[in-house]
Each structure stands twice: as C-alpha cells, then as structure tokens.
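Going down the list, the sequences are from chains U and W.
First residue of the first sequence: 1, per the working numbering; consecutive thereafter.
First residue of the second sequence: 1, per the working numbering; consecutive thereafter.
Calculated directly from the structure, the hints in this document are not laboratory data.
Since the structure is predicted, the reported quantities are computational estimates derived from the model, not experimental observations.
Treat the hints loosely; a few may be bogus.
Under 10 Å between C-beta atoms, here's a sample of chain W residues computed to sit facing chain U [what the hints assert, rightly or not]:
{"no.": "1", "residue": "LYS549"}
{"no.": "2", "residue": "ALA550"}
{"no.": "3", "residue": "GLN553"}
{"no.": "4", "residue": "ARG555"}
{"no.": "5", "residue": "ARG558"}
{"no.": "6", "residue": "GLY611"}
{"no.": "7", "residue": "TRP612"}
{"no.": "8", "residue": "PRO614"}
{"no.": "9", "residue": "PRO615"}
BS3-like, lysine-lysine: derived pairs with alpha carbons at most 25 Å apart [as the list claims (entries may be wrong)]:
{"no.": "10", "chain 1": "U", "residue 1": "LYS100", "chain 2": "U", "residue 2": "LYS126"}
{"no.": "11", "chain 1": "U", "residue 1": "LYS77", "chain 2": "W", "residue 2": "LYS617"}
{"no.": "12", "chain 1": "W", "residue 1": "LYS617", "chain 2": "W", "residue 2": "LYS549"}
{"no.": "13", "chain 1": "U", "residue 1": "LYS137", "chain 2": "U", "residue 2": "LYS188"}
{"no.": "14", "chain 1": "U", "residue 1": "LYS137", "chain 2": "W", "residue 2": "LYS617"}
{"no.": "15", "chain 1": "W", "residue 1": "LYS549", "chain 2": "W", "residue 2": "LYS135"}
{"no.": "16", "chain 1": "U", "residue 1": "LYS100", "chain 2": "U", "residue 2": "LYS137"}
{"no.": "17", "chain 1": "W", "residue 1": "LYS549", "chain 2": "U", "residue 2": "LYS77"}
{"no.": "18", "chain 1": "U", "residue 1": "LYS100", "chain 2": "U", "residue 2": "LYS77"}
Note that CB positions come from ideal geometry on N, CA and C, so glycine has one too.
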Amino acid sequence: MHKVLVLFAHPRTDRSEVNIVLAEAARELEGVTVVDLYAEYPTFEIDVDREQQRLLDHDVIVFQHPVYWYSCPALLKEWQDLVLEHGFAYGEGGTALEGKTLLNAVSAGARREVYSRDGGYANELKELFAPFEQTAKLCHMRYLPPFALYAAGHAADEDRLTNHVRAYRVLLDALINGRLDLDRAELKISLDDHLDELMTIPTEVK
Amino acid sequence: MELLQGAFVYLVAMVVAVPLAKRLGLGSVLGYLLAGIVIGPALGIVGAETEDVKHFAEFGVVMMLFLIGLELQPSMLWRMRLRLLGLGGLQVAATTTAILGIALAMGLPWQSALAMGLILALSSTAIVLQTLEEKGWMKTTPGQSAFSVLLFQDIAVIPMIALLPLLAVHQASHGATDTHHGGGLGHLPGWLQGLVILGVIAAIILAGRYLMRPVFRFIAAARLREIFSAAALLLVVGIALAMDQIGLSPALGTFLAGVVLSGSEFRHELESDIAPFKGLLLGVFFISVGAGIDFDLLFGRPGTIFGLAAGLMAVKLIVLLILGRIFGLRRANLWLFGLGLAQAGEFAFVLFGFADGAGVLAGDVVRIATLVVAITMLLTPLGFICYEKLIAPRFGRRDERQADEIDEPGTAIIAGVGRFGQVVNRMLTANGHTTVVLDYDADMIELVRRFGVRSYFGDATRPDLLHAAGAEDATVLVAALDDREKQNQLVEHMATHHLHCRIIARALDRHHVYELLDAGAHHVERELFESSLSAGRQALVELGAHPFKAERQTRAFRTHDRQTLSALHENWKDGGMDTSYIAAARGRTDELDQIMVTDRAAERHDSSERGWIPPPKSGTGS
C-alpha cells in the first residue's frame with residue numbers, strides 16, 4: 001500500500017469544471033490525501049513544517065492543477081520555493097524525498113495536437129514541464145509524465161470528462177497498489193493514453 | 001374560585017401535561033387540550049367559569065395575529081396575494097357551500113344553514129400555527145399555503161360578523177348584535193360608521209409608521225426592559241380596544257399593526273416581549289376548550305356527535321385536498337395541508353355565541369355544534385401525528401431530496417453594530433448574505449438604519465430575542481457587543497443552545513480571548529490586533545525596511561503571537577494571571593525577541609528568516 005498526496009492548486013474553484021471534479025474523485029479513494037492548497041493557505045503563508053511532514057508521510061506526490069503559462073498556479077510555485085528546502089529536499093543532507101514519485105495531473109486549455117512537435121507550442125507538455133522534471137531529479141524523486149486533460153474547457157460538452165475522471169481513479173488506484181509499472185511509465189510521453197498498457201499483471205507484483 | 005387558586009390550577013395542569021404530551025410525541029396543543037379535559041369534565045376542579053376564562057384567553061389569538069403581522073413584511077403579503085385570495089377565498093366559498101347543502105338536507109332553515117357553513121368553514125389559527133411553528137413547517141410550501149388560508153379566514157371573520165344579524169330567523173335572544181360587537185357605533189348612520197372604520201385603520205397605519213418609532217425610541221432610551229414590555233402590551237391592548245369599539249375584529253387590527261411595524265427596528269424586541277404572553281394565553285385558551293367539553297351531551301349522543309365531527313372533517317378535508325391539488329401541492333405536502341386545516345376553529349366559539357344571541361341558530365343546535373367544533377380541534381393533533389408517522393414516511397425520500405434542492409443562503413446574526421460590527425455587516429451583505437443586526441443602543445440603530453442596514457433594537461443576550469432574530473436558522477453569529485460580560489453571556493448561550501451555529505467573537509484583550517473560548521466561541525478576533533499589526537508593518541517600511549521584509553516580519557509576529565496565545569491558555573485560569581502564567585508569558589516574550597532579531601541565514605527553525613534563502617555558498621546546488 002502506497003500513500004498518495006494530491007496537492008491540489010486552483011485559485012478559482014468556483015469556476016472550476018474539471019479540477020474540482022478530479023479532486024473530489026481523488027478524495028473518495030482510501031490511501032489518497034487531498035490538500036486544497038488555496039483553501040489551506042489563502043494568504044500564501046505556507047506552513048513549511050507541516051508541508052514537509054506531509055511529504056514524509058506519503059510515497060507519491062501529485063501536483064494537481066490547471067496549466068497556467070506552461071506551468072502551475074502561483075501558490076504551488078510558492079509551495080515549491082518554500083517547502084523543498086536545502087538540507088531537506090536537496091543539497092547536503094537533503095535526502096528526505098529519496099525514492100518518492102512525483103507527477104503532474106493537469107488540465108490544459110489547448111487541444112492535444114497543439115502540444116506536439118508539429119503543433120502550435122512546438123513541444124510536448126512533458127517537455128514544457130522540464131522544470132518539474134528537473135526539480136524531481138534534484139530531489140532524488142522519480143518523475144512521471146503528466147496525466148493531462150486537453151481542451152479542458154470543452155471536455156464536459158464533448159463527454160470526455162467522465163472518462164477522464166475514471167482514468168484518474170484508475171491511475172491513483174494503481175499508484176496506491178503498486179500496479180503501475182513505474183519504469184515503463186517514466187519513459188512515456190504522457191499518462192493519459194494507453195494507461196492500461198502500463199499496468200503490471202497483479203500476480204507479478206510481489 | 002379565587003384568582004390565584006385558578007391560576008394555580010391552570011399552571012399545574014400546563015406544567016404537568018404539556019411536557020408529558022411533548023415527550024409522548026403528541027405536540028403541545030394536544031397536551032393543553034388533555035390538561036383541560038382532566039381539570040374540567042374529568043376531575044371537576046374548574047367549572048362554569050371556564051367560559052369567562054376562554055373569552056379572556058381568546059386575547060392570545062389577537063396577540064398571535066400581531067406576532068404574525070410582525071413577521072410579515074407588506075411586500076411578502078403582496079407576494080402571497082394569489083394564494084391568499086385564491087386558495088383562501090375558494091376554501092371558504094367551497095366549504096361554506098358544501099356545509100350549507102348538508103345543513104339544508106338535515107332540515108335547518110337556509111339562514112341557519114348558511115351561518116353554519118360560514119362558521120364551520122373557518123379553521124383553527126391557534127392550533128395550526130402553533131403546531132406548524134413547533135414542528136418547523138412554517139416556511140415549507142404546505143405551511144405557507146395553510147398560513148394563507150388561515151389569514152384569509154381571519155379576515156373573513158369581519159364580514160361574517162356583519163352578515164350574521166341579517167340571517168336572523170328567531171327573535172334575537174338578548175339583543176346582542178349591538179352590544180357585543182357593534183361597539184359604540186351602533187347609533188351612527190351607516191356612511192359615518194364606514195368613515196370612522198376607515199379613519200381608525202388609517203390611524204393605525206399612520207401611527208405605526210410615523211408615531212410608534214419615536215415613541216419606542218424614547219421608551220428604549222430609558223433602558224428599562226419592563227417599561228418596554230408594558231408599552232408593547234399597551235399597543236396591542238389599545239388597538240384591540242379601538243377595533244372592538246368600531247366593531248371590527250381585534251385580531252385584524254393587531255395584525256395590521258404588526259405588518260406596519262414589521263419594518264421597524266423594534267420588531268424583534270416587540271416580538272420577544274409579546275411572545276410569552278401569547279404563549280401563555282393560547283395555552284389557557286386550549287385548556288379552556290378542553291375543560292369546556294360537555295361530556296354529558298357527548299355521552300348522551302356519542303354517535304351523533306362523533307359522526308358529525310367526522311363528517312365535518314371529511315368534508316373540509318376533501319375540499320382542501322381538491323383545492324391544494326389545483327394550487328400545485330402534491331403528495332405529502334398536500335396531505336399536510338389537508339389534514340392540518342380540516343378542523344373547525346376557535347372563531348367558531350365566538351361566532352356561535354354571536355349567532356345564538358342574534359337569533360340565527362337555535363340554542364340546542366349551537367350546543368351540539370360547539371361540542372363538534374371542540375372535538376374536531378381535539379382530533380387535529382392526531383391528524384398531524386398521522387401525517388408524521390404514516391404519510392410523510394411513505395413519501396419521505398422524495399421530499400427529502402426536494403428539500404436539498406432549495407439552496408437557501410446561510411444567514412448571519414451580528415450582535416453589536418458599532419464600528420466593528422458595521423464593517424462585518426457590510427462585507428457580508430456586499431456578498432449577498434442575509435444579516436440580522438442587533439444592538440441595544442437605539443441611537444446607534446437609528447444611525448445605521450439611515451444607511452440602509454437592516455437592524456433591530458434589543459438586548460442580544462436575551463434568548464427570546466435571539467430566537468426572534470432567527471438563531472435557530474443562523475449559520476454564523478458575529479458577537480461584537482461592547483459590554484464584556486454580555487458578550488460572554490451571549491457566546492455561552494449560543495454555544496450551548498445552538499450547536500450548529502458558528503460563533504465568531506470579538507475580544508477586547510488577551511484575557512477576554514480565553515473567556516470567549518471557554519464560553520464556546522469557535523473563532524476569536526482581538527479587536528485591535530490586526531490593525532495594530534498593519535500599522536506596525538507600515539512603520540517598519542517607513543523606517544527603511546523593504547516592504548516584503550516588513551510583511552514577513554509582520555507574519556512572523558502574528559504567528560508567534562497567536563501561538564503564544566494558545567500556549568498560555570492552559571496557564572490561564574479564571575480571572576487570569578497566577579505566577580505560572582506570568583512566567584510562561586515572560587518566556588514567550590524572550591523567544592519573540594529572539595525571532596525578531598536573529599539574522600542567521602542557515603538557522604532553519606527561525607520562522608522569520610526561513611524561506612527564499614539561497615543554498616549555502618559551499619553547497620552542491622546544480
């Protein structure tokens with residue numbers, strides 16, 4: 001049983017169509033702790049000790065947020081700036097996060113094809129998330145490719161939301177039960193398609 | 001029986017029977033009625049004088065209508081006009097017609113039959129409203145529909161009184177028409193009577209609007225609660241007398257006065273002053289109904305009496321169910337509406353007496369009819385129980401889900417509307433929340449009213465006033481009274497009696513914080529702390545600190561101070577400081593100095609310097 005920490009960052013949950021649904025779905029799973037960062041720290045005064053303890057208590061860290069300027073909302077960046085301290089997460093004696101796993105579960109405004117070599121942004125989302133990947137690496141964590149819902153503003157109308165929520169539950173459940181093949185997942189460009197191919201057969205897990 | 005002895009018997013009956021009845025799930029009204037039966041026909045402790053008691057206690061109905069009026073803003077009355085006139089009017093018309101037909105078939109002359117129909121079409125405002133309020137059904141759709149019908153009926157009593165003398169078939173037995181309700185206007189010509197009636201109604205409205213508020217403000221300035229209560233009673237009694245003089249229903253007059261005063265800042269105070277009188281008088285009224293049941297007549301002809309009662313309720317129920325359906329009530333709601341109003345009302349006792357005197361109905365008919373009315377009233381609580389135990393559970397799930405859909409925004413009570421309370425109130429109302437503002441300073445209320453704040457005069461520590469202000473439904477209480485003791489009392493009362501309500505309290509100083517927390521406040525805010533911090537931060541900036549550095553120092557100070565406050569709570573005992581408290585406080589002060597002056601960058605446990613610091617120069621980095 002692995003423990004999953006979902007750090008949910010959305011400054012306007014009142015206008016959220018996707019993230020709030022995902023967060024609620026995650027909240028229902030046993031083994032998942034969902035932290036609504038904007039609710040807990042409305043004035044950006046992050047309790048560093050508490051957040052570091054949370055990291056220590058969990059094995060998998062999920063940054064769940066909408067994509068803002070190819071990155072995360074400001075509070076989650078502030079969280080990184082404050083919580084991932086030298087001597088705790090990196091640098092001399094900074095090995096507290098060693099062996100843990102980090103991934104971003106995000107909603108993106110643009111369509112899938114825009115995030116590609118030939119698309120408008122000329123990069124895969126995973127490539128644009130290089131700062132997250134490098135952060136994970138420096139903190140001795142494994143970084144998984146993003147689990148993304150593209151064109152999120154149209155997802156509900158186009159009936160894609162329900163499937164995505166289901167996939168999110170499957171993903172979290174697999175992370176809890178150690179059923180996700182992390183070595184193979186790490187090499188993928190994203191987690192949102194062919195998720196089932198990344199599952200290990202239960203009997204193989206020991 | 002002497003006055004005190006009488007009062008003693010009634011009070012004992014109440015105190016014993018009502019809690020028992022409530023315990024057994026029968027509701028208070030049935031408790032009163034049973035208490036009446038016990039002390040009246042069963043034990044014979046009270047006798048013929050119950051008739052006088054009943055007439056006196058009918059004043060409880062007048063008070064109840066005044067209270068209902070207070071709850072009803074004119075705009076709400078206007079919104080109800082369709083149900084009031086449509087549902088109420090049709091109910092009276094249809095029931096009257098049905099009973100008229102039946103009475104004719106039973107051989108009564110048409111005049112008597114019509115009078116019977118009109119009188120029995122009325123339902124019991126006292127029983128139904130009392131029960132609706134007790135069960136919290138007043139705000140529901142069937143509750144509102146029932147209320148509309150009752151209100152129309154109460155208004156309809158007036159033309160009925162005018163009509164009854166015209167239906168005389170016998171010689172008027174004691175010329176009661178004029179002395180009873182015609183008041184002192186009997187000798188005036190019709191047009192002048194009309195003019196006087198219009199004049200009195202206009203006077204009530206104008207006085208309520210322009211005269212009563214300054215008068216109440218003057219009385220409130222004396223800060224004597226009993227005088228305010230006396231003034232409130234005086235108002236109700238005065239109006240009732242005036243209405244009686246011109247031959248109108250006192251209930252209607254006080255209802256009107258209530259509506260006029262519903263917008264005034266004294267509404268809640270009036271409500272909480274009159275409510276206990278109303279409650280007691282109605283209780284006495286119900287007891288007198290129970291005590292007045294004529295068991296000789298009942299046991300002499302049980303078949304006839306119970307048959308008539310059952311028939312009457314069946315006729316009324318059918319009419320109500322049909323009309324309720326037409327007006328959009330369904331399922332459990334429809335049944336609550338129908339069963340609730342199927343009885344005959346207390347006005348029937350008045351009107352039967354009147355009809356007897358006017359020679360419209362024969363004496364023995366009146367005796368039987370009065371008994372039948374009492375029986376239907378006695379059966380009403382059983383109807384409600386039947387609804388609760390049998391009908392509501394059957395439709396239960398669906399109704400629950402419907403209730404969920406009503407998304408009523410939470411309301412807030414703000415006690416104390418000085419500068420602190422005003423800002424809180426403005427923030428809440430600007431965000432679309434409903435607030436009820438209470439203050440014991442009439443001038444302050446007057447002032448904030450001028451700025452359009454809905455505020456009410458009254459002592460917020462009084463449970464009855466809090467009740468009138470809607471403490472039962474409030475989501476949040478912001479306690480901001482200036483008086484320290486009252487503030488603690490208020491918080492303690494709310495914390496013990498309204499568990500669902502979140503309490504945010506303003507403290508005058510650190511010790512007051514502990515007092516309020518111990519009293520049960522959920523969140524305590526020191527009145528000057530945040531603004532002082534803000535000034536301190538600005539001073540740091542003026543002294544040359546970088547604004548964000550000043551902000552970080554402020555945050556560190558706030559955090560430490562709050563931690564100190566909660567850490568010292570256990571050292572603090574009633575009245576405050578012993579040596580352990582002082583020692584602990586001193587230790588915390590030293591620690592704060594430490595936090596504020598240290599500038600060792602690598603110190604990880606230094607909360608002001610922690611954050612956004614570069615890795616050590618010799619470190620690995622990347």
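Here is what the structure says about each hint:
1. LYS549: With Cβ-Cβ at 15 Å, over 10 Å, it is violated.
2. ALA550: violated (15 Å)
3. GLN553: Violated, because the Cβ-Cβ distance from GLN553(W) to chain U comes to roughly 13 Å (cut-off 10 Å).
4. ARG555: With a closest approach of 6 Å, the ARG555(W) hint holds.
5. ARG558: holds (9 Å)
6. GLY611: It holds, given that the least Cβ distance between GLY611(W) and chain U is near 5 Å, below 10 Å.
7. TRP612: holds (6 Å)
8. PRO614: Nearest chain U Cβ about 8 Å off; hint holds.
9. PRO615: Status holds, d = 4 Å.
10. LYS100(U) <-> LYS126(U): holds (19 Å)
11. LYS77(U) <-> LYS617(W): holds (23 Å)
12. LYS617(W) <-> LYS549(W): Distance of about 22 Å is within 25 Å: holds.
13. LYS137(U) <-> LYS188(U): Cα-Cα ~17 Å, so holds.
14. LYS137(U) <-> LYS617(W): holds (21 Å)
15. LYS549(W) <-> LYS135(W): Roughly 58 Å between the alpha carbons, so the hint for LYS549(W) and LYS135(W) is violated.
16. LYS100(U) <-> LYS137(U): Holds, at roughly 11 Å.
17. LYS549(W) <-> LYS77(U): Distance of about 20 Å is within 25 Å: holds.
18. LYS100(U) <-> LYS77(U): Answer holds: LYS100(U) to LYS77(U) is near 19 Å, not above 25 Å.
Going through the hint list in order, the structure does not satisfy hints 1, 2, 3, 15.
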